[in-house]
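**Q** Taken in order, these protein sequences are the chains called L and H. Just so we're aligned, residue 814 is where the first sequence starts under my numbering, counting upward by one. Just so we're aligned, residue 814 is where the second sequence starts under my numbering, counting upward by one.
Keep in mind that the hints were calculated from the coordinates and are not lab data. Check before you lean on any hint, since a few could be wrong.
Because identical chains share one entry, a pair is satisfied inside a single copy or across any pair of copies.
[What the hints assert, rightly or not] List of simulated lysine-lysine pairs, BS3-like, C-alpha gap at most 27 angstroms: (1) K819 to K920; (2) K867 to K920; (3) K867 to K824; (4) K905 to K824; (5) K905 to K819; (6) K920 to K824; (7) K876 to K905; (8) K819 to K830; (9) K867 to K839.
Please read these numbers as outputs of a predicted model, since none were measured by experiment.
There are 2 protein chains.
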Amino acid sequence: MADRKKRPADKVNLARKFELFEEYWKPKIVGEVNDFHVKIVKVRGEFVWHRHEKEDELFLVTKGRLIVRLRERDVALGEGEFFVVPHGVEHKPVAEHEAHVVLLEPKSAVNTGDAAGARTAAAEWI
Amino acid sequence: MADRKKRPADKVNLARKFELFEEYWKPKIVGEVNDFHVKIVKVRGEFVWHRHEKEDELFLVTKGRLIVRLRERDVALGEGEFFVVPHGVEHKPVAEHEAHVVLLEPKSAVNTGDAAGARTAAAEWI
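Given only the sequences and the hints, what does the whole structure look like? Please build it.
**A** This is how it looks when you write it as structure tokens:
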């Protein structure tokens, strides 16, 4: 059922949104599709190993290269490539140089999953 | 709760997936994220006016230009731009020349929404 009629938001230009911030590993929300958020994040260096109990997580690279490390293999993503980490699967994103990544995941997802700590960051709209 | 441990699928190169088919307005599934599908579609010409009762729908252009017509305005999308049509909002996608579009929507979404007919097509994995 349509719970309410929502006004369409504006269109989003991904490259321009990435110009609005500098910091790494702090996802920003740029869109919502039902109970999902579209987020963007700049990455460089290594993130922490973690997993999401319920949420699958899509990583789409729009600039640079990202390695999604899994326990049994590495998945190397270039521009225009995406990978979905299923819920429950441990992963560690790594980027040698700055990369721009679009994330797609349920709104309930927290960036560090089961590994809450210094890297945990609440995403805000940008 | 993690209902089961799912094996990660392979990574997806969007440009290569678009090389696998020619026809317009027939979305193909290229990924799943919980109860959402990631689809790709080649478009050219005009689609039908329709709306989705429950599903928001994200259109991300990766090649060419797409106009998402709404009753009160047109939204013109170029490469690297996306727009979310909220559920309940009538829309009609139009492209003068061939364009490549990534769709993100709940698995329950049907391409023609409330306007089932000749253009209705069940999406299949590619």
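**Q** Any hints from earlier that this structure breaks? Give me their numbers in increasing order, please.
**A** Failing hints: none at all.
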